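Q: Residues per chain are reported as follows:
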Amino acid sequence: MELGNVLIDGLRAALGVEAVVFALAAIGLNIHFGYTGLLNFGQVGFMLVGAYGVAIMARQCPSAAATQSAADQIGPCGEPLIFGVILGIVLAVILALLLGAPTLRLRADYLAITTIAAAEILRFLFRSDTADPLTNSVFGIQQFANDFFVINPIPAGRYFGQLNYSSQQLWTMVVGWSLVLLLTLWTWLLMRSPWGRVLKSIREDEDAARALGKNVFSYKMQALILGGVFGALGGMFLAIGTQAVAPDTYIPVRTFFAYVIIILGGAGTIWGPIVGTFLFLFLTSGLETLLRELIEGGIIPSSFISLPEVGPIRFIMVGLMLALLMAFRPQGIFGDKEEMLLDAR
Amino acid sequence: MPADVNAATIAAREAMASVPAEPGVPKPDPVLIVDGVKRHFGGLTAVDVEHLEVQRNLITALIGPNGAGKTTFFNLMTGFDSPNEGKWSFDGRDLGRVSAHKVAQMGMVRTFQLTKSLNRMTVIENMRLAGTGQTGERFLPAIVPSMWRKQEAILTQRADVLLERFTLEAKREDLAGTLSGGQRKLLEVARALMVQPELVCLDEPMAGVNPALVQSLLGHVKSLRDELGMTVLFVEHDMDVVMDISDWVVVMAEGRVIAEGPPRSIGTNKTVIQAYLGGGDGEGEVSLADIEAAAGNPTPTGDLA
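Chains as they are written, first to last, in the numbering used here: chain B, 1 to 345; chain Z, 346 to 650.
Calculated directly from the structure, the hints in this document are not laboratory data. A quick note: this is a predicted structure, and the numbers were derived from the prediction, not measured. Quick reminder that beta carbons are idealized off the backbone N, C-alpha and C, glycines included. Be aware that one or more of the hints could be misleading.
List of simulated lysine-lysine pairs, DSS-like, C-alpha gap at most 27 Å [as the list claims (entries may be wrong)]:
{"no.": "1", "chain 1": "B", "residue 1": "Lys-200", "chain 2": "Z", "residue 2": "Lys-495"}
{"no.": "2", "chain 1": "B", "residue 1": "Lys-337", "chain 2": "Z", "residue 2": "Lys-516"}
{"no.": "3", "chain 1": "Z", "residue 1": "Lys-447", "chain 2": "Z", "residue 2": "Lys-495"}
{"no.": "4", "chain 1": "Z", "residue 1": "Lys-516", "chain 2": "B", "residue 2": "Lys-200"}
{"no.": "5", "chain 1": "Z", "residue 1": "Lys-567", "chain 2": "Z", "residue 2": "Lys-516"}
{"no.": "6", "chain 1": "Z", "residue 1": "Lys-615", "chain 2": "Z", "residue 2": "Lys-383"}
{"no.": "7", "chain 1": "Z", "residue 1": "Lys-432", "chain 2": "Z", "residue 2": "Lys-447"}
{"no.": "8", "chain 1": "Z", "residue 1": "Lys-516", "chain 2": "Z", "residue 2": "Lys-447"}
{"no.": "9", "chain 1": "Z", "residue 1": "Lys-567", "chain 2": "Z", "residue 2": "Lys-495"}
{"no.": "10", "chain 1": "Z", "residue 1": "Lys-495", "chain 2": "Z", "residue 2": "Lys-516"}
{"no.": "11", "chain 1": "B", "residue 1": "Lys-200", "chain 2": "Z", "residue 2": "Lys-447"}
Chain B regions said to be covered by chain Z (calculated; three or more residues, Cβ under 8 Å) [stated by the list, open to error]:
{"no.": "12", "region": "163-171"}
{"no.": "13", "region": "184-190"}
Label pairs and their computed distance ranges (CB to CB) [said to hold, decoys possible]:
{"no.": "14", "chain 1": "Z", "residue 1": "Val-506", "chain 2": "B", "residue 2": "Ser-178", "range": "43 to 49 Å"}
{"no.": "15", "chain 1": "B", "residue 1": "Glu-338", "chain 2": "Z", "residue 2": "Thr-390", "range": "23 to 29 Å"}
{"no.": "16", "chain 1": "B", "residue 1": "Phe-256", "chain 2": "Z", "residue 2": "Gln-619", "range": "57 to 63 Å"}
{"no.": "17", "chain 1": "Z", "residue 1": "Gln-502", "chain 2": "B", "residue 2": "Asn-146", "range": "44 to 50 Å"}
{"no.": "18", "chain 1": "Z", "residue 1": "Asp-439", "chain 2": "B", "residue 2": "Arg-107", "range": "37 to 43 Å"}
{"no.": "19", "chain 1": "B", "residue 1": "Leu-324", "chain 2": "Z", "residue 2": "Gly-478", "range": "43 to 49 Å"}
{"no.": "20", "chain 1": "Z", "residue 1": "Pro-373", "chain 2": "B", "residue 2": "Arg-107", "range": "41 to 47 Å"}
{"no.": "21", "chain 1": "B", "residue 1": "Leu-341", "chain 2": "Z", "residue 2": "Gly-437", "range": "22 to 28 Å"}
{"no.": "22", "chain 1": "Z", "residue 1": "Glu-518", "chain 2": "B", "residue 2": "Leu-163", "range": "41 to 47 Å"}
{"no.": "23", "chain 1": "Z", "residue 1": "Asp-439", "chain 2": "B", "residue 2": "Ser-178", "range": "49 to 55 Å"}
{"no.": "24", "chain 1": "B", "residue 1": "Trp-271", "chain 2": "Z", "residue 2": "Asp-585", "range": "51 to 57 Å"}
{"no.": "25", "chain 1": "B", "residue 1": "Pro-76", "chain 2": "Z", "residue 2": "Arg-442", "range": "40 to 46 Å"}
Next comes chain Z alone, as it looks inside the complex:
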């Protein structure tokens, strides 16, 4: 339903239509710009990204075979690891040597491949925790509830709205550790939104989630973009998912960005197929089948909702 899509996203899509599908191509309005970021582990170069820009207000998928350096790249971008060289900026601000919590405070929030729910805290406490600027998180005001009760009420209100959006309101008072794997994924995404980020980085949000829940999680991710105008960068292995929700796909292999472009252009890209199969064209690899099947899908992305 394109009518529901916010204006910024529509504008971003139109602007992106003329961007050529080649690695490192400049974007009209990038929120994240990466330049020459390299990370070595001993002799192995895990990440070697020459240039990459992530367009604002869109969903960008980051795909690649196992060991391509996608998660390491996420870690580097969000301050959980530091590169050996290179620089990158978020929203015009240089992020070199900026610690992880500051990156989050600036508005780039990540989730993890292995869900990090705070098990022995209730769902609502998980949510409240993520609220920013709470005075009661400082040592001295903490023991004077009147200094933070009002903020807490506002945070709770926002948390309840998000819990409802992610269909977790019934679990509000449950310990997060009692949730199912899929619900925890939902909670982690909802929690990340409590930070009110500009850019959300989701590391395999669909991994280990049952197919029924995948559909609803997909819907949620799409609504981040369509309703809130948020920028989403996500790592995913499931090609159906990638083709379904992303506006732009970046392919990594052996640490490098080997291809990028609109989803449909990726499936037919020779370099990508070679990267997945490790050499010349062949058959029998599920990922190839997925790529091709999805590429043959005539439905234009973005109109799927």
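Bound conformation, chain B alone:
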């Protein structure tokens, strides 16, 4: 039994590509939920359009496409990756406009229902046979991000001892975390500005903001677009980092994990999404390794928990920890308890 593995697996997960993706999605969602009070339950929809924007633009053209079943592929292919990034951002903006226009004038719960439905509609649309020529349906698209790895300046090799990152992984992580820090800086600048002050006032009471001459609808839309684009960047990063997109990666639970992350870190705080991501992935991944090690070491008898059960059980334990967090530190790691209590009045 190697308890050191718990730390290593936890760290690998908390620093890896998946963590970058969750951090980006959570920073965006924090703008929606934490600062503006918008209940976006479809952040994964923004991730999906970002990911597919990149994948479709940069995928291999039919002659070279090994995975594309037939030559009936339509739409762009073989374009530079950066065009895909631009397409992904444009799609996220369009999605935000489509979702926001009918719902942002209504009460918060309408946005919640619309966004969760829209994200699922997108997923089913992208995995349908009808969309096959564009999306390759359930099989998704692979090997489209070579542009990104070609420019990797890090020499081949393994890095950071037991964490054992390949040069490609390290390159992805360096770019990813730089992006995370850049967007965090942008968010910080925005939230200390009068613009951010208007968002917070909308979160507190949108009628009050309106009565003071603020165009609430416009600000909500700006927030929805900005956070949505951040989510799309997360999706793009997942697509590029893993060189693959598949519709069923973008299931609703991703949105809820992002919510767990910002609540864990503290909603409406600058560092909340990053620290929340780190903790969430460290705990889920570390716990899995811990349970496996304990079972393999015979400390937990396999008649009590068997190895295949470890996956679900760690989520039960994470759920339990969340429940405890809500009971004892509802404001999250960075939140302010005093502020949190005011909200309940």
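Since the structure of chain B is already known, use the hints to place chain Z on it.
A: This is chain Z only, laid out in the frame that chain B set:
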């Protein structure tokens, strides 16, 4: 102290002296003109105002029994609700279909019956928020502080003056949610003034405020008129307050304007008494007692300060 009253208000009062006390009467210099505004909720007609004018530079009280449509009327005027028919104009500009934030930007600012303080923001941030024309509220300039710092300093200065006037300067850095109910009312009025409005609509500013604070809030409302020459339209249930500070009273019942006139004329108005009591004359209703007591008060309004 009439000497402290600004000239525009004195002129407005003199002009109003000859205006007859009857519903829908035209005023010498109206800031708000309402024509045939109706709002139905299903079969119920909540507001049905045929004609109403609100005189500039004065304090006009809007009173009426519960359910008379006062708050709905406020909502309609300020763009928070839209009427089924009718039109109204503010300062000569038509307000039909104008959204709430634009109404506020034009200079008609309202407060709410249930105070809307922005709880998880500090008092000073509440105030700064209300400042208009801040460049930093636009998305792109927001991340370049040098583009809005100067404006922010000016706003802060104005905010501090107002906080002092409303005796909230000690609470400057506190979260608004930690203030008492009365202080929140003060903050809401002070915040509305940050917009530099021409007309302030106060929806029950004294409700839930302790009597000691009512006096100071009253003083503040009066000073809006007397020192700043602002026009105030306010909804109030407390007849003492109405008699004390208003120059003109408009009475609503079942959505209609049933009477208007100087405060003293209202207490003796038969229609008003009937509206409050629901039928013929009777006794035992507090509001009637209030109306009569206030009407018997020989002190002329406006000279009370």
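Q: Is it true that the CA of B/Lys-337 sits at most 27 Å from the CA of Z/Lys-516?
A: Judged against 27 Å, a Cα distance of about 19 Å means the pair holds.
Q: Looking only at beta-carbon atoms, does the pair Z/Pro-373, B/Arg-107 fall within the given range of 41 to 47 Å?
A: Holds - the Cβ-Cβ distance for Z/Pro-373 and B/Arg-107, about 44 Å, lies within 41 to 47 Å.
Q: Mind checking the alpha carbons of Z/Lys-432 and Z/Lys-447 for me, to see if they're no more than 27 Å apart?
A: 16 Å, holds
Q: Quick one: are B/Trp-271 and Z/Asp-585 within 51 to 57 Å, going by C-beta?
A: Given about 53 Å between the Cβ atoms, the range holds.
Q: Hinted pair, alpha-carbon criterion (27 Å max): B/Lys-200, Z/Lys-495. Please report holds or violated.
A: Roughly 22 Å between the alpha carbons, so the hint for B/Lys-200 and Z/Lys-495 holds.
Q: Can you confirm whether the C-alpha distance between Z/Lys-495 and Z/Lys-516 stays at or below 27 Å?
A: 24 Å, holds
Q: Taking a Cβ-Cβ distance under 8 Å as contact, does the region 163-171 of chain B have three or more residues in contact with chain Z?
A: Since three or more residues must qualify, the claim that chain Z covers the region 163-171 of chain B is violated, with 0 doing so at under 8 Å.
Q: Is Z/Lys-567 within 27 Å of Z/Lys-516, Cα to Cα?
A: At roughly 23 Å apart (the allowed maximum being 27 Å), Z/Lys-516 and Z/Lys-567 satisfy the hint.
Q: Starting from the range 41 to 47 Å, see whether the pair Z/Glu-518 and B/Leu-163 falls in it by beta-carbon distance.
A: 45 Å, holds
Q: Is the hinted range of 43 to 49 Å satisfied by the C-beta distance from Z/Val-506 to B/Ser-178?
A: The hinted range 43 to 49 Å holds for Z/Val-506 and B/Ser-178, with Cβ atoms some 45 Å apart.
Q: Quick one: are Z/Gln-502 and B/Asn-146 within 44 to 50 Å, going by C-beta?
A: Because 58 Å falls outside the window, the suggested range is violated.
Q: For the pair supplied as a hint, Z/Lys-516 and Z/Lys-447, confirm whether the alpha-carbon distance does not exceed 27 Å.
A: Status violated; Cα separation ~30 Å.
Hints 8, 9, 12, 15, 17, 18 and 21 from the earlier list are contradicted by this structure; the remaining hints agree with it.
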